[in-house]
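Take the sequences, apply the hints, and build the full model.
Which chain is which? The protein sequence lines are Z and U, in order. At position 509 of the first sequence (counting the first as 1) the number is 509 in this note's numbering, and the numbers step up by one without a gap. At position 305 of the second sequence (counting the first as 1) the number is 305 in this note's numbering, and the numbers step up by one without a gap.
Treat the hints loosely; a few may be bogus.
[To be verified] In silico EDC-like cross-links for lysine to aspartate or glutamate, where the CA-CA straight-line distance does not exceed 20 Å: (1) Lys421(Z) <-> Asp442(Z); (2) Lys6(U) <-> Asp369(Z); (3) Lys421(Z) <-> Glu272(U); (4) Lys234(U) <-> Asp360(Z); (5) Lys234(U) <-> Asp369(Z); (6) Lys135(U) <-> Asp345(Z); (7) Lys6(U) <-> Asp415(Z); (8) Lys358(U) <-> Asp369(Z); (9) Lys257(Z) <-> Asp74(Z); (10) Lys421(Z) <-> Asp9(U).
These are computed hints drawn from the structure, not numbers from a lab. Source: prediction; values computed, not measured.
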Amino acid sequence: MAMGDPQGRQATAAPATSVPVLELRGISKAFGPVQANKDISLQVARGAIHGIIGENGAGKSTLMSILYGFYKADAGEILINGKVTHIPDSQSAIRAGIGMVFQHFKLVQNFTVLENVVLGAEEGALLGPSLAKARKVLTHLAQEYELHVDPDALIENLSVGHQQRVEILKALYRQADILILDEPTGVLTPAEADHLFRILANLKREGKTIILITHKLREIMEITDTVSVMRRGQMTTTVKTAETNPEQLAELMVGRKVLLRVEKQPATPGRTVLEVQDLRVKDRFGVERLKGVSLHVRAGEILGIAGVAGNGQTELLEVLGGFATGTGTVRMNGKPIDLSGRHADGQTRRRDGIAHVPEDRQRLGLIMDFTAWENVAFGYHNDPAYQKNRFIMDNAGLLRETAAKMQRFDVRPPDPRLAAKNFSGGNQQKIVVAREIERNPDLLLIGQPTRGVDIGAIEFIHQQIVKLRDAGKAILLVSVELDEILSLSDRVAVMFDGRIMGERIPGETDERELGLLMAGMNGKAA
Amino acid sequence: MDRLPKWADAVLVPLLSIVIAFVLSGIVIAAIGENPLNALMIMIDGGLGSTYGWGYTLYYATNFMFTGLAVAVAFHASLFNIGGDGQAQLGGLGVALACLFIPWPNWWVALIGATAASALFGAAWAAIPAWLQAKRGSHIVITTIMFNFVGAGLMLYVLKHFLKPAGSQDPSSADFPAHLELPKLGEILGAVGIPFSKDPPVNVTLLIALAACFLVWVLIWHTRFGFALRAFGKSEPAARYAGISPVRITMGAMLISGALAGMMSINNVMGEAQRLVLNSSEGAGFIGIAVALMGRSHPLGVLLASILFGFLYQGGAELSMWTSIPPQLIWVIQALVILFTGALDNMVRIPVAAAFRKFGKRRT
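Okay, here's the thing in structure tokens:
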């Protein structure tokens, strides 16, 4: 991001005392046979922004949960300001000056900001004095750190970015000295993320220490002073951010060299495969989620749908995938398809040549208790190729086909009889992608293709998507990762509040412009 | 989570549960002043000690296989069919109508016809709650329970007003024609030279039950419908994504379930009583729930659990005959078995898993 606050870097020179504000010594934690943290040692200097990166399942969250008193470490000790500190629960963590901002906010939706901040830190039997005190503190914090939130607003009426500020305020109100943020930008627009980073820089200037957990290399490079890399439960490296680069960090995370950019030739789009006109979808409460979407996807191109999660992308995929109903016109290869749900479902869509990698693979894309081979048949279980005769399915044949697919898509472990839930996120996604892409569909709907997927698998899945495009197929890509949209798409459409705000060509736009569209503001004329 | 080896999951855990249930039962028996070991010996001798005892055990087991399979099939679609008892009684009505009003040439043609009629009537009785669930969202647990009562009331009405022979005081149907009597297992085995008591009511229906176990296994794990049914049972949102119709699965699973429950009646109505009486199922529909739970909804598990419960029924009957142990205590023993194998499964499973982990570690 080009808008990183320069103040952030300058403050690195804050007077570092020789005693680290936080030190971990030999922390280990096992869950049954799984060693989640293995002999982790770490020092964080006062007033620093310290990044911790690692793939999913590398042990970041476990480590932070130990620090916040949710888990008890099997071995090792925690030192705060040089003193050994026991943290058996979150109350002790708060007393030790540790504040935590979770990925999923822990706010009471129908309480006001003030009430949420005071909740759990009330003094005395009556609420009045606590609230009055909190109001004063909040005003002060808002001025000091650019943490402006209306103290009397209800949480449910606040944007996600503001809700996150309330979480930070909660921690500061409890006089947190060390602030831990777990994947804080996952739910934010680029502009909101920039604001968050300015807040973090302000906090740092005032001597707070910040630990930032993320899997986004760009954020690490932009805002942190030091960075630690975790891999398979171990802390592999801690380096000064200025002395490293994204490629090196990626390699440290994955353990091998990775290609961060998607390599692809310019698209050669052909005939229109999917044509959507004035598509409208209402949810079960009657609220309109898609408010007249029109778009088209041609053969041999990738149309990326950018946008903050929850602006209608999910509904778009569901209605095109045949398991939600809507109104409007959708033509597939020139033929209108049913949106009412009366004459069509996921099965007819598949016969129409539409394959779908859903956004939520664990809820929709896979049956977690089914084996890998059953999941390969899932959705295509009526395919004549998968039947031995009129009544009996060809389980043995499916087993063989799955083994071959697992080989081609490098799914590990390559065991077709293993239940889906026993694979890692990346390997689960590879099973879904292998199933859908190898149907050779005319149109591939693919949502959040790399959510919760490790870097090595991201590279592979991106290559497969581009390969399908180059084979002359149409691809509709939905992702909240702007990087992913920009590097994969041939055209980008931005969704906001159930509408397409505008369409751009990736090479001719930048994140700032897309960010404005994502926030519902038309930058240039659409 | 900890994973157990398959054999431990399927055999060791249920076995331990049964042992615990028996030990607790023993304590209860000792508490009322009887000798638990003596009681156990009477049960084993009465249920398994002779071909006569086996005959009764297998007769009861045949009932439980049908009702257990009925519950198991619905379980795979994540539907809890508690209405097996009502469906079985309605199945009995189908058997009675077929046997009383159609002039069959011989027993085996009649058996085919009566089987079809029992399945049809059982399925029809399950169809109404299924339709209410699929289309209206009325919870199947509630509706199937209520349909047991409605079914019982309907049976009383039909028996009293239509099937009861004129002048009879007993609300039961006339006897079926004698030539429709089904061959006993003892006769079948005797024909191939295996001596087996001809007194107990176990009959050719046992073979149909065994075939049903096999066919349900094929249905669940080797057909498209079974695949869709299991997918729907594991995750309804995912099933919708795949284009699997919740209505079709709910209806299909419940029709098959009701048909299986109904088929139980060829064993007790046609095979044993030779006429339709009130409450013909005698609660076998409810035992089917325990059988399916204990058998982990697998046909082989259902088969084994059916034999266990058949043994408990027969052994329990012997127990109340030869000791002062009241028949109610038999229910306690059965309830303890259900409690430990069904509801308290994890109480045994978790320590076993922990033991396996420890043992496994030591080996490596």
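Original post:
Are the Cα positions of Lys421(Z) and Asp9(U) separated by 20 Å at most?
Top reply: holds (18 Å)
Original post:
Under the criterion that the straight-line Cα-Cα distance not exceed 20 Å, is the pair Lys234(U), Asp369(Z) satisfied?
Top reply: With Cα atoms ~7 Å apart, Lys234(U) and Asp369(Z) stay inside 20 Å; holds.
**OP:** With a cut-off of 20 Å on the C-alpha distance, tell me whether Lys6(U) and Asp415(Z) pass.
**Re:** Holds, at about 17 Å.
Original post:
Does Asp369(Z) lie within 20 Å of Lys358(U) when you go C-alpha to C-alpha?
Top reply: Status violated; Cα separation ~26 Å.
Original post:
Hey, Lys135(U) versus Asp345(Z), does the alpha-carbon distance stay inside 20 Å?
Top reply: Roughly 17 Å between the alpha carbons, so the hint for Lys135(U) and Asp345(Z) holds.
Subject >> Pairwise hint evaluation, Glu272(U) against Lys421(Z), where the allowed Cα distance is 20 Å at most >> reply: Violated, at roughly 48 Å.
Original post:
Does the alpha-carbon distance linking Lys234(U) and Asp360(Z) stay inside the 20 Å limit?
Top reply: Since the Cα atoms of Lys234(U) and Asp360(Z) sit roughly 16 Å apart, the hinted pair holds (cutoff 20 Å).
Subject >> Holds or violated: Lys6(U) to Asp369(Z), with C-alpha atoms at most 20 Å apart >> reply: holds (15 Å)
Original post:
Keeping to a limit of 20 Å between CA atoms, is the pair of Lys257(Z) and Asp74(Z) held or broken?
Top reply: The hint is violated at about 33 Å.
**OP:** Mind checking the alpha carbons of Lys421(Z) and Asp442(Z) for me, to see if they're no more than 20 Å apart?
**Re:** Violated, at about 30 Å.
In this structure, the earlier hints numbered 1, 3, 8, 9 are contradicted, and the remaining ones agree with it.
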